[in-house]
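Could you slot chain F onto chain V? The hints should help.
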Amino acid sequence: MAVAGLFLLTLFLASLLAGLLPDTLSPPDLWFLYVAALTPRLKPPLALALAFGVGLFADLAGGGYLGLMAVGLLMAAYAILGLSTWLHPEEPLGRAAILAGAYFAKWFGIFLVVYVLGLFLVGPLDFTGAILSEALLTALLAPLYLRLAEAILGDADHAG
Amino acid sequence: MVRAVWLLLLGLGVVLAVMTARTAPMVAPEVLGRTAPIYALGQRIGQNLRAALSALSDRRDWRSEALRLRAEKRALEQRVIQLELENARLRRVLKVRETQAPAVVAVAPVIAEDPSGLFRRLVLGLGAEAGLEPGMPVTSAEGLVGVILEVTPKTAVVRTLVDPESAVGVRPEKAPGRGIAYGRPPDRLRVRFPREVRVQEGDLLVTGAIGGLFPEGIPVGRVVQVEPPGPGELLYWAWARPEVRFSLLEEVVVLRRL
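Line by line, the protein sequences are chains V and F.
Quick note: the first sequence uses my numbering, first residue 1, plus one each step.
Quick note: the second sequence uses my numbering, first residue 1, plus one each step.
By construction, these hints were calculated from the structure, which means they are not laboratory data.
Given the structure is predicted, the values throughout are model-derived calculations rather than measurements.
One or more of the hints may lead you astray.
If you want a taste of the chain V side facing chain F, the calculated C-beta under 10 Å gives, among others [to be verified]:
1. M1
2. V3
3. A4
4. G5
5. L6
6. L8
7. L20
8. A51
9. L68
10. G109
11. L112
12. L117
13. L140
From the three backbone atoms N, C-alpha and C, an ideal C-beta is built for every residue, glycine too.
For reference, chain F alone in the conformation it holds in the complex:
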């Protein structure tokens, strides 16, 4: 029974196909017209869903593109900052080279400060491996920083001008005569001058000791107060403020030992 029905329908299908091969396309619109609303509704919803998914996918692409560009921008900004710092550092080195001494050994980063408050010492991020040795002058573009006290293979300790153990030979920039500047923490220099040397507030003091540790002419500090000599005194004292702001130092220039 089942097979008979199957054969019957199979034959009917084949005959139908053969007989309507030419007319089928004309019959179809009749059916299509009746089913069109349902079909159109489903297809429109499907197309809208696909468009929505596509829009979401595009949006995800834009988002990833935006993230990539943002990361690239950050990297470029960092690169600009690095280049600016490098440029500033090289300018400072150049300035030191032009104004202070041609014997630059290294440009060293300041990695630590003496936290005690008793001494004003800096720790540099370079040491003996970079050619640093005790006794080497340390300067910056602003002026003299100090001298290297001791070194390890990778670090060096600098005694700054304001360290109580520091004594630097100085002279007024625009006047003859010499004196000695002693460190007075946290940020002062007490300078001793012979009576005949004339200094006044605002004068710039530069390195100037004969046969001293430092090259001549490096700015040391500016006079902020003068204590006039008493009757019969051969020496008098002045107070100066260093040109260098030690707490703001990020790197220093180490010069060859004289």
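Same shape as in the complex, but just chain V:
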């Protein structure tokens, strides 16, 4: 129930920020933060499936190619699971490093699908501005969103 509530809230916030921010800025990736909030709280296979499903929904809701965000968020969730065994997610610095790694993994997954689909009409570097803007806003919003998620879902250590 809490997961669904956070999902609806994320959808609302994503649309709110899309309307609020000027067109020159890419809005923060709240679906990525949603996955980042849920992944430590679920069993790993379920977390991966949820990330894939959320990505699929984001692809459909965005009217884009199916699989782009699905693979991207899947990669992000997998990176979170992997990095959490190497780093210390209970520490702020470790959490930030895990999030940063997951974010890179997300874009790696997206570009992987773009490459497979042969959609490289423009090079990845042409997206640098959009990616930087999205990354910056996502990083700025991450502490707030993750605290909100914690309030709704409960502490990560006791969830699952």
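Chain F alone, transformed into the frame defined by chain V:
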């Protein structure tokens, strides 16, 4: 186990992407239609918030613009006042130059008055550095003010007509004869005339002593009362009010000493 699920989903995602590359845009509207109300609500709120912030920002711009224009208006008004004062001052100087004497040394501001009430003296904001010297006549557009008594490098003290130590040679503007006007504070002149000089109330007295301190023809005062001479008296007295209102003086014209 986890890696297997990951690989499975990764493969599924890639295959899905490849297989639906052409049809995805047609599937999306189905989902969009269901999520549209939430999305539209959020986006509308966001757009309204942005419009509100933009309006606030514009309003702040208007406010700063209004403040700037107001400050500019104030500066211009002050400039107009300055120019009007300057114009009036120059007109007065011109009038003095035309009507009294061509020998203007300086136009000096009045910066203080003798507060005692015993003497009627003014302090000017210019002194020896501006060329002022004791004995120089001081006038205004309205008429004679007095004479400089002493100077410092930056100030000068003027003894006005109504000072008790002041004595100015005068004559009626439209009649022959001469007299001497003595100062009587706070605002009167007691004028002594020879018996044969005829003056009456309302006559204007102007400077007119031969070899005096002041150029001839400068208005001094207007007769307000005449005390007729007694039998056998060779002199008689009249009272006059100076043409200049000393308390209203803001600046005076200093003339070259004769």
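Checklist entry - Can you give the numbers of the hints that this structure goes against, from lowest to highest? => result 1, 2, 3, 4, 5 and 13
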